[in-house]
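Number of protein chains: 2
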Amino acid sequence: MSVTAAKGFTAAGITAGIKQNGNPDLALVVNTGPRRAAAGVFTSNRVKAAPVLWSEQVLKGGEVTAVVLNSGGANACTGPKGFQDTHATAEKVAESLNAAGHGGTGGHAPGQVAVCSTGLIGILLPMDKLLPGVDKAVAGLSEHGGEKAAIAIKTTDTVHKTSVATRDDWTVGGMAKGAGMLAPGLATMLVVLTTDADVDAPTLDRALRDATRVTFDRVDSDGCMSTNDTVLLLASGASGVTPEYAAFAEAVRAVCDDLGQQLIRDAEGASKDIRIEVVNAATEEDAVQVGRTIARNNLLKCAVHGEDPNWGRVLSAIGTTSAAFEPDRLGVAINGVWVCKNGGVGEDRDLVDMRYREVHIVADLAAGDAAATIWTNDLTAEYVHENSAYSS
Amino acid sequence: MSVTAAKGFTAAGITAGIKQNGNPDLALVVNTGPRRAAAGVFTSNRVKAAPVLWSEQVLKGGEVTAVVLNSGGANACTGPKGFQDTHATAEKVAESLNAAGHGGTGGHAPGQVAVCSTGLIGILLPMDKLLPGVDKAVAGLSEHGGEKAAIAIKTTDTVHKTSVATRDDWTVGGMAKGAGMLAPGLATMLVVLTTDADVDAPTLDRALRDATRVTFDRVDSDGCMSTNDTVLLLASGASGVTPEYAAFAEAVRAVCDDLGQQLIRDAEGASKDIRIEVVNAATEEDAVQVGRTIARNNLLKCAVHGEDPNWGRVLSAIGTTSAAFEPDRLGVAINGVWVCKNGGVGEDRDLVDMRYREVHIVADLAAGDAAATIWTNDLTAEYVHENSAYSS
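Line order of the protein sequences matches chains A and B.
Using this note's numbering, read the first sequence as starting at 1 and increasing by one per residue.
Using this note's numbering, read the second sequence as starting at 1 and increasing by one per residue.
None of these hints come from the bench; they were simulated from the model.
Only a predicted model underlies this, so the values are computations on that prediction, with no experimental measurement involved.
We treat Cβ as the ideally placed atom computed from N, Cα and C, and that holds for glycine.
All the pointers check out, no bait thrown in.
Residues from chain B shown here face chain A by an in silico Cβ test under 8 angstroms; the list is partial: (1) Val-47; (2) Ala-76; (3) Cys-77; (4) Thr-78; (5) Ile-121; (6) Asp-222; (7) Gly-223; (8) Ala-303; (9) His-305; (10) Pro-327; (11) Val-384.
Can you build the whole structure from these sequences, using the hints too?
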């Protein structure tokens, strides 16, 4: 279903030959209208890939008619040539869509085509393969193309990720790619969300930011922030329905939440999914800071891998933050057992059962009533292998 | 040589039975005077172990007559009982030294005995073994005991670490333990430095802070900061020589630098030692921030393990900092090859030879003339194994 679950969208996923292994590597999502409203959020990394610089400009207009996404190369740190390549890709998409009669209301202009790329940094894209691939993708566009598009954006992902929230008479759907380099200021990933709700660009922007702040922004697989993170939300208006803001925002958040969980579950080499819930913090910012710091502690991530309820590593991590707390009031529960109470030894650690993939850590700061949850995973030899055996 | 290279010190290292594996686990360093000046720096972790809280108080007096160090347990997050145990240990050391006639000028008082502990967090020390061990250590004190003391403070260290700087007629010596949890605000470790120079406590404090700021504070093995970090510098004055400040500070820095390098070379599971040199930064703070951020990037650390000159991961890391730079002016050299120039592809990455243990990364921010160097190591499956296979 993916991005074509909502009415008013077509999509395609094809093999352009960008990836050397012959897997699908080019996806196209087209908004057939009548509305072409869009919003986007991008990596907060100051080293931004060419497609991010391009798409940020496109989104300023509040209209996107098509999104082209390639795997097999990030087009990051590629200088002026990299940016020219992104521009040329957008031009080719508009031209090819118009030539094939997919123009819809008003046709396609390059300045309304968002571009996303993912893969190795510092390599120019093989434009001799990518541009002909655009024609092939346009030829393959379909109202049922969502799955193929989701498959074509995979890199080290073991599965493709899609989600759909269907409400009474409108829908939000989406696809995501991401497996490594998942970190705040957006988990490293590409995400395209679509809806047939009749919603204008400012409302899309608000709903998208409200959703990403508590979903993708709180996924932190390995503390590494990408140069290419992009999340786009496109509205076709094809349902003719304009939902209440709260209902619309909830549906967007539900899809973002589901896709974010799928990202963590597919994190490179992971054997455990860790939910870190920080409670009784003085502020939500404190809770997020503490959650992130715990999520990035390699020693704790190793301990979880070894099914060792090593709460000392949680306290060590909390101690490096600037959050409000008193060391002798801290509490830590692992899988429901309060192994640390009042900053010291609590319930018997042998009571903790860590055999299952899901691990739940609660850090109680005893400093207020704010809370936040961060999702991460364990650190494994397989992660090291995946990220050392070849360039990625 | 170690802490007994300087005149006016005796030391011992014995097996008290704290460690279950029967390895040496208790060290004692005694300043026999005539001076008993001392300075110390401690972890900046807000969750501090009982011995850190105790020793911080001791050092406020500017005099330390003895340091007792145990491995086999960190005595961190152990509540009031843990603090009482530290206090009892200091009392036992003073009592035992006085009883054995090791009092020297003025004898020993508990309030001048520093205590250091290292090992697992959240476990009370076996005082029934530790206290008799103090008597045994006192009985073993010797002017040649430095090596044994250095051996007794090892945890996951594969080698014991000592260093000596001998000047015309005075000496600075030291020992260190540390292998994992090495991070800023002091690398995780215990260090005792001794000198027979006749130097007062304020001068010791200045020299120690000047030295640790550019040595131990810039060692970052795994981004994890300990609850027990302690670096002590004790002066006996036994040489009768008061060196110029610059000469003394240089010798202290030389010993700290050497011990810091030994810590990195023994980092858990590491196969590569990585020197990250940040140049042309706007400020030294910027350079340190960028160096640390690169040092903590798991993806880069994996790439170095795989001998892959993946400069894109260096740029991704730099992009997450608040340092002054323009993305299109950044440069990165790996082992002398400028693989990234002006934020894009530079010299041929195939020219980079990464077969050797030492890896040198230069990040050029092109934003000023400040610089800093951070030392770290790669991320390996062995690190994961060492930190997941058992509690540590």
